[in-house]
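*Asks:* If you want the building blocks of each chain, they are given just below.
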Amino acid sequence: MKPIAAVNDFVVKFANVNGSGSASANETFAKSILRHGVPISPRNIFPSNIQGLPTWFEVRVTEEGYLGRRGGIDMMVAMNPQTWDADVKELEPGGYLVYDSSKPMPKSKFRDDITVLGVPLTEICNATYTDSRQRQLFKNIMYVGALAALLDMDTEMIAGVIGDQYRGKEKLLKSNIHALQLGYDYAKNNLKCPIGLRVQKADKVGNKILVEGNAAAALGCVYGGASVCAWYPITPSSSLAEAFIKYCEKLRVDPVTGKNKFAIVQAEDELASIGIVVGAGWNGARSFTTTSGPGISLMQEFLGLAYFAEIPCTIIDVQRGGPSTGMPTRTQQSDVLSCAYASHGDTKHVLLFPEDPRECFEFSAAALDLADRLQTPIFVLTDLDIGMNQRLCEPFAWDDSHSYDRGKIMTAEELEAGKDFGRYLDVDGDGIPYRTLPATHPTKGGYFTRGTTRNAYAQYSEAGPDYMYNVQRLLRKFETAKELVPKPVVRKAGKATRFGIIYYGSTSPAMTECLDRLEEQGLHVDALRIKAFPFHESIIDFISEHDHVFVVEQNRDAQLRCLLVNEGAIDPAKLMPVLHYDGTPITARFIVAEISQRLSAFNVKPIKKGKAA
Amino acid sequence: MTYLAKPKLHHPTLPTNRLGYTRRDYEGRVSTLCAGCGHDSISAAIIQACWELAIEPHKVAKLSGIGCSSKTPDYFLGSSHGFNTVHGRMPSVLTGANLANRDLLYLGVSGDGDSASIGFGQFAHSIRRGVNMVYIVENNGVYGLTKGQFSATADKGSKSKRGVVNTDESIDMVMVALQLGATFVARSFSGDKEQLIPLVKAAIEHKGSAFIDVISPCVAFNNHTGSTRSYDYVREHNEAVNRIDFFPGREAITTDYEPGSVKDVVQHDGSVLRLRKLHAEYDPSDRLKAMNYLLQQEAAGEIVTGLLYVNPESEDLHAHLNTADVALNRLGAKELCPGSAALEKINASLR
Numbered sequence: 001m002k003p004i005a006a007v008n009d010f011v012v013k014f015a016n017v018n019g020s021g022s023a024s025a026n027e028t029f030a031k032s033i034l035r036h037g038v039p040i041s042p043r044n045i046f047p048s049n050i051q052g053l054p055t056w057f058e059v060r061v062t063e064e065g066y067l068g069r070r071g072g073i074d075m076m077v078a079m080n081p082q083t084w085d086a087d088v089k090e091l092e093p094g095g096y097l098v099y100d101s102s103k104p105m106p107k108s109k110f111r112d113d114i115t116v117l118g119v120p121l122t123e124i125c126n127a128t129y130t131d132s133r134q135r136q137l138f139k140n141i142m143y144v145g146a147l148a149a150l151l152d153m154d155t156e157m158i159a160g161v162i163g164d165q166y167r168g169k170e171k172l173l174k175s176n177i178h179a180l181q182l183g184y185d186y187a188k189n190n191l192k193c194p195i196g197l198r199v200q201k202a203d204k205v206g207n208k209i210l211v212e213g214n215a216a217a218a219l220g221c222v223y224g225g226a227s228v229c230a231w232y233p234i235t236p237s238s239s240l241a242e243a244f245i246k247y248c249e250k251l252r253v254d255p256v257t258g259k260n261k262f263a264i265v266q267a268e269d270e271l272a273s274i275g276i277v278v279g280a281g282w283n284g285a286r287s288f289t290t291t292s293g294p295g296i297s298l299m300q301e302f303l304g305l306a307y308f309a310e311i312p313c314t315i316i317d318v319q320r321g322g323p324s325t326g327m328p329t330r331t332q333q334s335d336v337l338s339c340a341y342a343s344h345g346d347t348k349h350v351l352l353f354p355e356d357p358r359e360c361f362e363f364s365a366a367a368l369d370l371a372d373r374l375q376t377p378i379f380v381l382t383d384l385d386i387g388m389n390q391r392l393c394e395p396f397a398w399d400d401s402h403s404y405d406r407g408k409i410m411t412a413e414e415l416e417a418g419k420d421f422g423r424y425l426d427v428d429g430d431g432i433p434y435r436t437l438p439a440t441h442p443t444k445g446g447y448f449t450r451g452t453t454r455n456a457y458a459q460y461s462e463a464g465p466d467y468m469y470n471v472q473r474l475l476r477k478f479e480t481a482k483e484l485v486p487k488p489v490v491r492k493a494g495k496a497t498r499f500g501i502i503y504y505g506s507t508s509p510a511m512t513e514c515l516d517r518l519e520e521q522g523l524h525v526d527a528l529r530i531k532a533f534p535f536h537e538s539i540i541d542f543i544s545e546h547d548h549v550f551v552v553e554q555n556r557d558a559q560l561r562c563l564l565v566n567e568g569a570i571d572p573a574k575l576m577p578v579l580h581y582d583g584t585p586i587t588a589r590f591i592v593a594e595i596s597q598r599l600s601a602f603n604v605k606p607i608k609k610g611k612a613a
Numbered sequence: 001m002t003y004l005a006k007p008k009l010h011h012p013t014l015p016t017n018r019l020g021y022t023r024r025d026y027e028g029r030v031s032t033l034c035a036g037c038g039h040d041s042i043s044a045a046i047i048q049a050c051w052e053l054a055i056e057p058h059k060v061a062k063l064s065g066i067g068c069s070s071k072t073p074d075y076f077l078g079s080s081h082g083f084n085t086v087h088g089r090m091p092s093v094l095t096g097a098n099l100a101n102r103d104l105l106y107l108g109v110s111g112d113g114d115s116a117s118i119g120f121g122q123f124a125h126s127i128r129r130g131v132n133m134v135y136i137v138e139n140n141g142v143y144g145l146t147k148g149q150f151s152a153t154a155d156k157g158s159k160s161k162r163g164v165v166n167t168d169e170s171i172d173m174v175m176v177a178l179q180l181g182a183t184f185v186a187r188s189f190s191g192d193k194e195q196l197i198p199l200v201k202a203a204i205e206h207k208g209s210a211f212i213d214v215i216s217p218c219v220a221f222n223n224h225t226g227s228t229r230s231y232d233y234v235r236e237h238n239e240a241v242n243r244i245d246f247f248p249g250r251e252a253i254t255t256d257y258e259p260g261s262v263k264d265v266v267q268h269d270g271s272v273l274r275l276r277k278l279h280a281e282y283d284p285s286d287r288l289k290a291m292n293y294l295l296q297q298e299a300a301g302e303i304v305t306g307l308l309y310v311n312p313e314s315e316d317l318h319a320h321l322n323t324a325d326v327a328l329n330r331l332g333a334k335e336l337c338p339g340s341a342a343l344e345k346i347n348a349s350l351r
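Chains as they are written, first to last, in the working numbering: chain A, 1 to 613; chain B, 1 to 351.
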């Protein structure tokens with residue numbers, strides 16, 4: 001078997017033991033490639049454990065900038081004996097296996113069709129360090145050194161990353177650089193370097209940033225003016241709340257008084273966290289919570305109240321598989337329906353679907369504006385793949401001239417001047433009523449907030465026409481929302497086509513790659529990325545302009561397709577689901593295979609062989 | 001209840017408070033509860049307390065859950081904003097509202113079903129966080145709106161109107177509040193406004209979690225023989241440990257008392273709680289002794305009322321969170337948004 005040869009286009013996977021200190025070394029490796037000007041797409045694959053059990057880190061090196069998971073492994077750094085057999089098996093034919101060769105391994109533990117690269121990491125560490133913790137820790141950075149030699153990387157780049165990481169901690173910096181050099185030297189002197197996989201300097205990163213979606217969304221909440229946050233720990237959303245705490249401590253403490261311009265409460269459960277957010281929203285502070293599927297389930301009653309009582313609030317749902325524990329550390333887009341129609345009674349909610357951290361930032365800030373404007377819960381639906389992995393994306397941007405849209409709030413002056421105040425009265429046809437904040441005026445504008453049982457002036461009423469007026473107005477408000485939420489983006493195929501693809505959220509990078517591959521194969525398909533619900537008219541138009549539309553999702557039940565059929569009155573036969581839901585992020589390979597196969601059923605065949613995605 | 005609308009005209013000689021408001025200015029809509037309901041007496045006590053303290057009505061936020069008691073915020077302080085939230089979840093909404101604007105008075109009104117059954121968790125956690133609020137439970141031991149089921153505060157062995165005997169242990173909310181660190185804990189009886197009004201006033205002036213458990217008989221479903229929440233039963237078993245007189249900080253104390261019979265508790269804001277001791281040995285500044293005493297009397301079948309515990313050095317959630325003095329809901333982009341220059345620095349750190 002010929003060893004794989006590829007420059008700036010391969011996948012390296014690290015198989016480690018939880019808690020062994022590997023994460024930092026792996027990140028150093030990933031960031032160093034970025035410093036070569038070569039885009040990467042790193043992903044954590046972690047079971048629901050804390051220490052001592054398997055964990056994996058996968059880095060896709062991709063000069064073309066394809067940030068979706070590729071599938072298939074070209075190089076395995078097998079550091080976990082527990083998962084050895086499966087890890088070795090996962091390698092592509094012609095792949096490379098890097099392992100700790102301190103202890104001899106029987107030949108049966110290897111494969112004939114791969115290149116085996118042994119580095120006696122334990123042996124070198126034991127010879128160099130006396131402290132047992134150091135012996136363990138430095139193994140990690142040492143294999144990074146060996147990889148640098150094998151992949152022909154510039155060690156200066158790696159040293160730069162380590163330098164940034166240990167700035168001000170000279171002792172740690174020196175010992176890490178030393179370990180790196182030991183690994184590098186061993187590989188140089190004992191192995192045939194470089195191998196067929198190479199990292200070569202390029203200029204494809206530009207000013208992009210590498211950041212987790214959860215951190216980005218948290219920062220979006222800081223910029224968007226959220227001052228109250230309530231949350232309950234749940235993977236994969238906890239790191240979002242924790243990032244909000246961290247950013248607030250850095251950016252929101254009054255330098256003069258030392259006091260906090262924020263309030264964050266770790267609540268006793270998700271019922272309380274959404275309750276706190278609703279209370280703060282009712283009282284005029286921008287507030288948000290972050291959670292995942294099970295939290296959304298618990299919040300249902302409050303979400304209905306917030307919808308009918310028209311309380312601004314923002315919910316960031318980092319989606320995962322579910323229920324229970326295990327799959328929850330894997331990714332899915334499986335809360336679309338439970339968010340869109342959350343709660344009892346006739347409810348519909350605004351959903352935003354960011355594709356990457358940059359949009360997590362943007363949409364979280366936008367959600368806070370939309371919540372105030374529309375006086376309703378706004379959901380930002382991200383997922384574990386975006387949320388808990390560092391993703392290369394455009395840098396964050398903020399327009400300093402942007403002032404927060406606080407929506408329709410009636411002031412004391414307006415009340416004093418005798419302006420008619422009906423809390424649930426539609427005065428200008430957009431379905432959005434005016435609200436007053438508590439304590440606005442000594443005698444005017446006070447009202448008792450209830451769910452549905454009221455008239456347009458917030459007086460108790462069980463009368464049918466009052467109820468009808470109210471819920472019809474809520475529908476008008478939802479129509480208004482269509483024009484306020486982010487618009488879809490269309491990517492036209494090279495030639496006119498009767499086929500379309502609809503996708504959203506974290507499927508985006510895999511889809512970009514998929515569309516390139518399909519185009520290369522002469523399979524022309526127009527694509528539309530949905531950024532929000534309610535669906536803009538142009539989405540429905542896109543569907544009617546095509547005979548067949550694939551709807552690509554990461555859930556079992558084609559949830560967005562259900563929503564399209566239901567809300568757009570679309571013939572279900574026209575929307576063909578393409579579904580990926582095993583917990584791993586969707587790949588271009590998967591989508592290309594699915595769509596090529598479906599197209600062949602319509603007698604559409606590739607005209608030339610493109611390279612496999 | 002009555003179908004007669006309240007007259008809008010005030011008698012010209014109605015007394016006014018410091019702000020120039022009459023007691024009528026603190027009223028709300030006509031109650032829709034049953035005639036004789038204890039809850040209406042509690043609403044009247046809240047109205048009286050707010051009027052006497054000259055609280056600006058619009059600076060009060062009234063929050064409630066679901067149930068008969070939770071309907072009552074519509075029946076007092078008609079100029080205030082109110083929020084009838086979901087069953088058992090008033091405490092979290094109140095907490096959020098309080099975080100958004102620390103300058104208002106937060107009045108949480110709930111019932112025993114709302115706070116001890118479905119909302120037991122939220123009740124507990126809002127107390128242990130030290131949310132600055134007056135939390136009143138209108139406690140009748142029974143579900144009124146759904147017609148007579150036991151709630152979690154119904155005493156073990158008490159009999160429902162349909163003749164069912166309650167076999168579950170009851171939750172004593174006062175004991176729970178004490179255990180969880182409420183800094184003001186009282187119990188009263190809706191039929192004793194002399195005791196209740198000063199307690200509500202003192203709770204309003206208290207900074208921190210102030211909890212008042214008010215036994216409030218349900219005339220429709222829990223006022224029969226065999227009930228331990230009936231007017232007759234409570235009157236027979238009420239053991240008041242003290243009576244308080246409440247003096248806001250700005251008022252001089254002029255009343256004379258028997259020497260040795262009173263204890264003054266000065267609160268943070270300078271207001272004074274003067275306790276007229278009915279039980280010489282009862283000390284409301286000692287949480288442990290208070291809990292012991294409550295357990296003893298409970299075993300003896302007595303319902304202890306009065307100011308049971310107060311910590312004048314209390315702190316609230318805002319102090320714990322070190323929040324800005326300015327209400328968070330008044331901060332705009334200028335105060336909240338770090339701006340593009342700071343963002344550029346963050347971008348740079350992510351390359």
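Treat the hints with caution; some may be incorrect.
Label pairs and their in silico Cβ distance ranges [as the list claims (entries may be wrong)]:
#1 B:321 to A:484: 46 to 56 Å
#2 B:326 to A:519: 29 to 39 Å
#3 B:165 to A:418: 39 to 49 Å
#4 A:47 to B:326: 25 to 35 Å
#5 A:257 to B:345: 35 to 45 Å
#6 A:250 to B:10: 34 to 44 Å
If you want the footprint, here are the derived chain A segments under chain B, 3+ residues with CB under 8 Å [as the list claims (entries may be wrong)]:
#7 208–218
#8 261–269
#9 371–377
#10 421–429
#11 432–442
#12 446–453
#13 541–548
It should be emphasised that the hints constitute simulated quantities derived from the structure, not laboratory data. For glycine and all other residues, C-beta sits at the position ideal for the given N, C-alpha and C.
*Asks:* Next, verify each hint and record whether it holds.
*Replies:* Checked hints:
The hint said 46 to 56 Å for the Cβ distance between residue 321 (chain B) and residue 484 (chain A), and at roughly 33 Å that hint is violated. About 56 Å separates the C-beta atoms of residue 326 (chain B) and residue 519 (chain A), a value inconsistent with the hinted range of 29 to 39 Å. Taken as a hint, the range 39 to 49 Å is violated for the pair residue 165 (chain B) and residue 418 (chain A), whose Cβ atoms sit roughly 60 Å apart. The hinted window of 25 to 35 Å between residue 47 (chain A) and residue 326 (chain B) is violated, with their beta carbons roughly 46 Å apart.
Checking the proposed 35 to 45 Å range against residue 257 (chain A) and residue 345 (chain B) shows it is violated: the Cβ atoms sit about 23 Å from each other. Distance hint check for residue 250 (chain A) and residue 10 (chain B): the Cβ-Cβ separation is about 56 Å, which falls outside the suggested range of 34 to 44 Å. Under the rule that three or more residues need a Cβ within less than 8 Å of chain B, the assignment of the region 208–218 of chain A holds, with 4 such residues. Requiring three or more residues with a Cβ within less than 8 Å of a Cβ of chain B, the coverage given for the region 261–269 of chain A holds, as 8 such residues are present.
Under a criterion of three residues with beta carbons nearer than 8 Å to beta carbons of chain B, the stated coverage of the region 371–377 of chain A fails, only 0 such residues being counted. Residues of the region 421–429 of chain A with a Cβ under 8 Å from some Cβ of chain B number 0, which does not satisfy the need for three, so the listed coverage is violated. Requiring three or more residues with a Cβ within less than 8 Å of a Cβ of chain B, the coverage given for the region 432–442 of chain A holds, as 7 such residues are present. For a cut-off of 8 Å, the count of residues in the region 446–453 of chain A with a CB near a CB of chain B stands at 6, and the three-residue condition holds.
Three residues within the 8 Å Cβ limit are the bar, and the region 541–548 of chain A against chain B gives 0, so the coverage statement is violated.
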